[in-house]
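I would like the entire structure built from these sequences, with the hints used as guidance.
Same order as they appear, the protein sequences are chains A and B. Heads up, the first sequence is in our numbering, so the first residue is 1 and it goes up one at a time. Heads up, the second sequence is in our numbering, so the first residue is 1001 and it goes up one at a time.
Please keep in mind that the hints were generated in silico from the structure rather than gathered at the bench. Among the hints, erroneous ones may be present.
Below 25 Å or equal to it, Euclidean Cα-Cα: the simulated SDA-like pairs (lysine to any residue) are [as the list claims (entries may be wrong)]:
no.	chain 1	residue 1	chain 2	residue 2
1	A	Lys152	B	Glu1185
2	B	Lys1373	B	Asn1429
3	A	Lys128	B	Thr1190
4	A	Lys152	A	Gly67
5	A	Lys165	B	Val1076
6	A	Lys143	B	Leu1287
Here are the simulated distance ranges between beta carbons [to be verified]:
no.	chain 1	residue 1	chain 2	residue 2	range
7	A	Glu120	B	Asn1042	29 to 37 Å
8	A	Glu120	B	Cys1592	44 to 52 Å
9	B	Gly1189	A	Glu83	28 to 36 Å
10	B	Thr1327	A	Asn101	37 to 45 Å
11	B	Thr1466	A	Ser140	36 to 44 Å
12	A	Ser87	B	Leu1269	25 to 33 Å
13	A	Glu83	B	Gly1663	51 to 59 Å
14	B	Val1424	A	Lys89	49 to 57 Å
15	B	Gly1371	A	Met43	30 to 38 Å
16	A	Met43	B	Leu1269	22 to 30 Å
17	A	Ile102	B	Leu1181	43 to 51 Å
18	B	Gly1371	A	Lys89	51 to 59 Å
19	B	Pro1282	A	Met43	23 to 31 Å
20	B	Leu1269	A	Asn101	35 to 43 Å
Quick look at which bits of chain A chain B covers, simulated, 3 or more residues with Cβ under 8 Å [what the hints assert, rightly or not]:
no.	segment
21	144-151
22	169-175
It should be emphasised that the depicted structure is a prediction, and the values quoted were computed from it without experimental measurement. The C-beta atom is built at its ideal place from N, Cα and C for all residues, glycine as well.
Each chain, letter by letter, is given below.
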Amino acid sequence: MKGKLHKYWILAAAVAILLPHYCLAEGKSGAKGPGKDRPKKVMEVEPSPPLSIQARLVNLQKNKNGGVASVVLDASSDIDMDEVTLSVKLPPNVTFADGSNIFTQTVKLSAGITINLPKELLVGKDGKHVIQLEASGTTSQGKPIHRGTAFKLLVGAQDSLPAVKDGAIEYQGAPDGGN
Amino acid sequence: MLAALRKVATMGILACAASGAVYANWTASGTFRYIDREFDQNGFTGVEPSLPIRSARVEVRDANANGNNALLASGVTDSSGNFSIAVSDTKTRTVYVRVLTTSTGVATLFLKVENTLTPKNPYAVAGSNVANHNPNTNVNFGTVTALIGSGGEPFNIYDQGLRAIDYFAALNGARPGSSDLLTLEWQPGTGAVSDYNYANKRVHVGDPSPYNDTVILHETGHYAYHLVSGQDSPGGTHHLTDCNQDIRLAYDEGRATWFGQSVRRFFSLPRPDLYVKTTGAPGPGNLDFYFNVETESPYYCDGAASEVAVYAALWDINDTSSTADGTPGVDDDTLSRPDGDNWDVDKNYILTAVNRSLEDFWDGWFVRGKGFKSAMEATFDLTNVELFQDSSEPNNSVATATFNGAAGNSVHLSFFADSNGDGVGETDNDYFSFSASAGTPYTIETLNLWGDANTSLELLDSNGITVLASNDDRSPGDASSLINYTPAASGTLYVRSFHAPDFGVYGSYDFRISGSAPVDNDGDTYNSTVDCNDNNASIHPGATEVCDGVDQDCDGIRDDGFPDVDADGWASCGGDCNDSNAAVHPGVTEICNGIDDNCAGGVDEGFDADSDGYTTCGGDCNDANAAVHPGVTEVCNGIDDNCAGGVDEGFDVDGDGYTTCGGDCNDSNPAIRPNAVENCSNGVDDNCNGLTDSQEPSCQVDTVVITKAEWKNAGRKLTVWATSTGAPQAVLTLVGYGTMTYDSANNRYTFVKNSTNNPGTVTVTSSQGGSDTEPVTVL
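Here it is as structure tokens:
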């Protein structure tokens, strides 16, 4: 019984919240078309161009210091783009299998299709290596699109926060002065 | 009496001393700052100034205690990051201070930055320990700075949250209350995309964005409007190049961008017109993408169904020539209204609107008495948000329909009426009339829709009531409209264009009517709509059919009335070269089968690529080589010249498997051929290598030399080495013992045996006839 009453209270509260929202609609806005659906509480996502490039680590052969990382570049677009230039710039201590540290390739991207480019990376030493990825192209309307991403390749290292100390994630600050 | 007082005082001192609870007061002071990263449209500039950590909780703590026992006192930083906290303490201990990303203790501020994953905790940056602190001693902890990678990130997020709240307060009169706590969360590795969650008023800052101030501020814009104006956007992923978004999403995202950029303009921060997202990587540059809210660069869009047009239009209402954008001293519009005007419309009009959009903002602007109609029209028109009457108005009925010449010229229109001129829009119908000619096909259509102008068309009869044809969407996914109609009678027809039910009611579009009388090119009195060949006067409906493979009378049947035995649509008199085979007639595709399928006069045209007279189906085993085909004389060349299935037939007379061109030096003797065993005494080159008997290497006698013959008494070990000029093919044998082993590294043969008697002498013989004998040396 107590549970049922609880449900009724929730229902009544929902009606009380929603009713004024509809009743207060005023002027021309209230006369608008039926609309297609009434959105739920949603996630508002940051704006972005329709092009995307990312990297993901699929395998890491760890050596005593450094290793061989197998990564896959994923490039995609939500619109058709005939020419998209993908580029990857490696940091010190990381090279492609042929010894180079810059990779560039022009691809055609179809809307909704992700292309995958596997790459082997030779990592000379342990650490957090930041790999720069870029994709650039032009829409059929002539709008230039550029995307950039930094991929953190962790080899023998971790990207973790400091420990929690008495209810806070505590970093050590840099001191200056004082007595 | 005096003695009594002295006694009480002494007892009190003793009591305090016994309990140890003698409290002292000291002051903890200092400054907390964080390192910021400045940016422009190329990414980070490399300028990294130190900024104060403002309005944040500060704790004075015992470094060697835990939990509540560690907290000695708390306070907050001021607008310069300074703090001064009174502490009551009784003990000498190690103390330190830390600042947290929470506003606990700050009056009227409800703000928190914490990590994303559970358990969630605020971030903190701690100063150095002060050991053996005497509770009577004040401590200035100096300046403690949160560096990049060591706490700078969450404190930058905190500062953006504080700016957003203070801008909100400037617009709304006060900061959000305690029930509207703004929580921002960030943690490396928890997703690259930032968002705002309406369910819990939380901003998730993406992995690369702790220093992407404009990204953070955009999301706080959603928070701000959530509190005062609500939203009905479907949310989710949206792209800046999409000029035909859901009009509600376009508005919700556009105003969130306006809010975020306006925060930067309000606080006089650099280039408030730039929205910049970086990759978050260290160092200058590292741009992900940017856009400019003043110029719309690089994502230009037209109409209210684009967030780009929305933020540009809203921005233009408030910016001035003194705004620190890319063209200081210049503004592209004449408006410079206070930000509060925009806010008032959202707070007091948009809040109750259905399907919130820029159209509602427009109406709300005038309902709320903000005025400046002409300037507003001109400003919104910069992004082709055309919220004004078009030049064909008033044409809202059959009676006021605008005449159209039906010549295919486009007319630019808007679904916007304002009959009383107060600025507030009214729904609009656009009526047109045109003089229709019987039998003339007409195309009536709308094109180039801007800003959710979801058109619908009705073609009305001369009475202005009867609907002759209608169309809403030209095709699935295309909201423009198209009617193709050919009237049976001449007269005036009417077109009604109106906004189909959708989230918006305004918008602009192009409209045109195209119509033209059919032509009669060949002058046979039949026009192109009925003449099946309007370039030949002898072909038209009713013409006399003749047997020539052509449909003269345009009834769809060629040569009708003439015999077509195989019923393939072609009479023999009309060109069918085989009227007993339905697969053969003019127009059929020729195949390689030895007959003329298409009655073109040739057989298997196109199937003799090397033009040697033989097709592939005619036996040519190599249609790329004119010298190869059936009937050609076979020559000795290693290929099948005559396509008979063999190679070089007739060129191996002795049947030994080798032709003369294949190396047989005597094709009349099967014993003589390549790879035959050489007979060393017949004076003949048996294996066809050009050498006879003594010239033949296999007939040579080798020279054998024993280079070592030793016997060791210890172990009774016999060792023999020998060389041969026939090595390595020669096989050497140590007579009485067995085959010797060839040592390729030293080009010699060896033999070793233990526990054997001394033979005195040894002899080595070769498979190539050589031999040698030597005495054995005893060691």
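Results for each hint:
1. At most 25 Å may separate the alpha-carbon atoms for a hinted pair to count; lysine 152 of chain A and glutamate 1185 of chain B meet this at roughly 20 Å.
2. About 22 Å separates the Cα atoms of lysine 1373 of chain B and asparagine 1429 of chain B, which keeps this hinted pair within 25 Å; it holds.
3. A C-alpha spacing of about 17 Å is found between lysine 128 of chain A and threonine 1190 of chain B, which places the hinted pair at or below 25 Å, so the restraint holds.
4. Annotation: proposed proximity of lysine 152 of chain A to glycine 67 of chain A holds, straight-line Cα distance about 15 Å (limit 25 Å).
5. Proximity of lysine 165 of chain A to valine 1076 of chain B is assessed by CA-CA distance (about 19 Å); at most 25 Å being required, the pair is judged to hold.
6. At roughly 17 Å between alpha-carbon atoms, lysine 143 of chain A and leucine 1287 of chain B fall within 25 Å of each other, so this suggested pair holds.
7. Taking 29 to 37 Å as the suggested C-beta distance range, the pair glutamate 120 of chain A and asparagine 1042 of chain B conforms, at roughly 32 Å.
8. Our hint of 44 to 52 Å for glutamate 120 of chain A and cysteine 1592 of chain B holds, since their Cβ atoms are close to 50 Å apart.
9. Glycine 1189 of chain B and glutamate 83 of chain A have their C-beta atoms about 33 Å apart, which keeps the hinted 28 to 36 Å range intact.
10. Here the CB-CB span from threonine 1327 of chain B to asparagine 101 of chain A is close to 40 Å, well matched to the stated 37 to 45 Å.
11. At roughly 42 Å, the beta carbons of threonine 1466 of chain B and serine 140 of chain A sit within the given window of 36 to 44 Å.
12. About 32 Å separates the C-beta atoms of serine 87 of chain A and leucine 1269 of chain B, a value consistent with the hinted range of 25 to 33 Å.
13. Between glutamate 83 of chain A and glycine 1663 of chain B the C-beta distance comes to about 57 Å, which sits within the given range of 51 to 59 Å.
14. With their beta carbons about 55 Å apart, valine 1424 of chain B and lysine 89 of chain A fall inside the hinted range of 49 to 57 Å.
15. Checked against the hint of 30 to 38 Å, the pair glycine 1371 of chain B and methionine 43 of chain A passes, with Cβ atoms roughly 37 Å apart.
16. A hinted range of 22 to 30 Å for the beta carbons of methionine 43 of chain A and leucine 1269 of chain B is consistent with their spacing of about 27 Å.
17. Range check, isoleucine 102 of chain A to leucine 1181 of chain B: Cβ separation about 47 Å, and the 43 to 51 Å hint holds.
18. Judged by the Cβ atoms, the range 51 to 59 Å given for glycine 1371 of chain B and lysine 89 of chain A holds: they are separated by roughly 54 Å.
19. Between proline 1282 of chain B and methionine 43 of chain A the C-beta distance comes to about 29 Å, which sits within the given range of 23 to 31 Å.
20. At about 37 Å, the beta-carbon gap between leucine 1269 of chain B and asparagine 101 of chain A stays in the expected band of 35 to 43 Å.
21. A stretch counts as covered by a chain when three or more of its residues have a beta carbon under 8 Å from one of that chain; for the segment 144-151 of chain A and chain B the count is 7, and the coverage holds.
22. Remark: the segment 169-175 of chain A is confirmed as covered by chain B, as 7 of its residues place a Cβ nearer than 8 Å to a Cβ of that chain, reaching the required three.
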